[in-house]
Amino acid sequence: MKQIIVPGEVVSQSQARMDNAYVENGKTYSKVMGLYDEEHKSVIPLEGPWKPRIDDAVIGIVSEEKNKVYEVDLGFFGRTLLIVGKFDRESYKVGDIIEATIKDIEDRKTIILTRARPLEGGTVLAVKPAKVARVIGKANTMVKQISEAAKTYIIVGMNGMIWMRGGNIALATEAIRKIEAEAHISGLTERIRLMLEQNKGS
Amino acid sequence: MGSSENKPELVINGKRTDGRDFDEMRPFSIKANVLKNADGSCYVEWGNNRILAAVYGPKEVMPRHMMEPDRAIIKCRYAMAPFSSLSDHGRTGPNRRAIEISKVIKEVFENVVVLREYPASEIDIFIEVLQGDGGTRAAGITAAAVALANAGIQMRDLPYAISVGRIGEHIAIDFNMIEDNYSDSDMPMAIAPRNGEILLLQMDGGLDRAQVSKALQMAIDAGKVISKAQSDALREVYGNAAGV
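Protein sequence lines correspond, in order, to chains H and D. With our numbering, letter number 32 in the first sequence gets 61, and the count goes up by one each step, no holes. With our numbering, letter number 108 in the second sequence gets 306, and the count goes up by one each step, no holes.
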């Protein structure tokens with residue numbers, strides 16, 4: 030059973046350690062607009078900015094180039110730098126789509142990327158960062174399901190950017206938008222499966 | 199404050215000028231997520247007030263020197279549209295009154311937003327009064343709180359605000375423009391409903407000790423209704439679906 034909660038709402042009458050919540054006077058309160066999952070005792074945010082973590086796989090667009098140091102647009106408010114090392118392809122152009130891993134976060138506002146690789150062609154779709162987990166699904170089930178039905182190659186970046194190539198991109202986009210809009214309603218996987226099946230026939 | 203000469207009659211047959219009881223608020227409605235470009239937004243109709251609030255952020259701090267390395271800064275812009283009111287708000291841009299209100303609203307939210315979650319960043323709050331009829335700063339705070347929650351900003355509470363005051367011997371709530379100008383005392387306040395913390399308290403005119411506690415109690419009682427409307431507006435965005 031999940032219920033919608035607002036900031037300052039009591040989630041537990043006792044002290045409980047969970048993300049997106051805080052304890053005061055022996056009670057636990059939510060800090061965000063989100064869902065409270067009673068079974069797993071967790072607060073899942075419904076909105077909110079992306080919080081970068083080291084080792085996150087992200088997708089971005091090269092926005093600036095200076096002496097082999099590239100600035101990448103990840104939709105994050107701080108700066109994102111890619112410093113080309115010996116394991117990376119030598120050069121990128123402004124406008125190239127890349128997939129990379131976060132190596133380090135300096136002062137919590139400058140992201141350093143590593144292990145970059147270019148993504149040739151395809152399109153990028155941005156979703157709300159809070160919904161990325163649902164787009165991926167448990168053990169990649171959701172993205173695999175869309176990928177198979179639309180015959181599209183899909184890579185999901187933790188920053189909310191999704192790269193797609195080939196197959197029925199329109200169908201894949203529709204499915205991802207549906208997930209974004211209905212992520213908080215239960216039975217999502219089943220509804221997406223039905224939607225994909227119906228559209229495959231037509 | 200209007201002049202005490204040609205003061206209109208504020209109490210007629212035990213009712214207020216617009217027919218309300220002393221402890222009765224104007225009808226209001228709150229709607230969240232009304233602007234697509236903003237990270238969070240809210241539209242409030244409060245009596246004749248029409249107020250739009252939008253929240254952007256966290257984003258890069260501009261200008262750079264205002265940056266705090268360990269926490270976010272909040273910027274707030276309260277503005278009345280040139281067409282918002284009968285009295286003189288004809289010029290665009292902030293005036294002395296708007297700068298003051300922006301400052302006090304900023305301080306309200308500095309005390310509820312979890313600033314340390316967003317180091318070296320900036321959160322922008324915009325409150326635009328499209329039509330004003332008294333109590334716009336209170337309605338603006340109520341709207342901005344909803345917009346912040348709608349943007350997914352971490353907050354310890356969802357504050358609300360309301361004005362209380364005195365008309366002659368009567369303690370009353372939610373003043374409209376005429377009462378605001380000619381009443382004996384007017385006290386807008388913002389409260390965090392979770393622990394009753396007072397985040398904003400300003401006062402024109404005078405109240406004695408007993409009157410203050412009566413006014414405070416009235417604000418807290420009204421707050422239950424406002425808080426419910428705020429959280430209902432936020433739930434409404436997700437179709438009230440209590441995902442099973």
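Incorrect hints may appear among the rest.
These stretches of chain D come out as covered by chain H in the derived footprint (C-beta under 8 Å, 3 or more residues) [said to hold, decoys possible]:
1. 323–332
2. 373–387
3. 398–406
4. 429–435
Some residues of chain D that are not near chain H, with every Cβ distance over 10 Å (derived) [as the list claims (entries may be wrong)]:
5. Asn235
6. Ala279
7. Val312
8. Ala318
9. Ser319
10. Gly350
Hint data in this document are derived by calculation from the structure and do not stem from the laboratory. A virtual CB, placed ideally from N, CA and C, is assigned to each residue, including glycine.
To see whether the hints hold, each was checked on the structure:
1. 323–332: violated (count 0)
2. 373–387: Per the Cβ count (0), the hint is violated.
3. 398–406: violated (count 0)
4. 429–435: With 3 residues in contact (Cβ-Cβ under 8 Å with chain H), the coverage given for the region 429–435 of chain D holds.
5. Asn235: Consistent with the label, asparagine 235 of chain D stays out of reach of chain H, its closest Cβ about 13 Å off (over 10 Å).
6. Ala279: Its Cβ never comes within 10 Å of chain H, the nearest being 28 Å, so this holds.
7. Val312: 6 Å, violated
8. Ala318: Violated: least Cβ distance 4 Å, not greater than 10 Å.
9. Ser319: Serine 319 of chain D is in fact no farther than 10 Å from some Cβ atom of chain H, at 6 Å.
10. Gly350: 3 Å, violated
In terms of the numbered hints stated before, the structure departs from hints 1, 2, 3, 7, 8, 9, 10, listed from lowest to highest.
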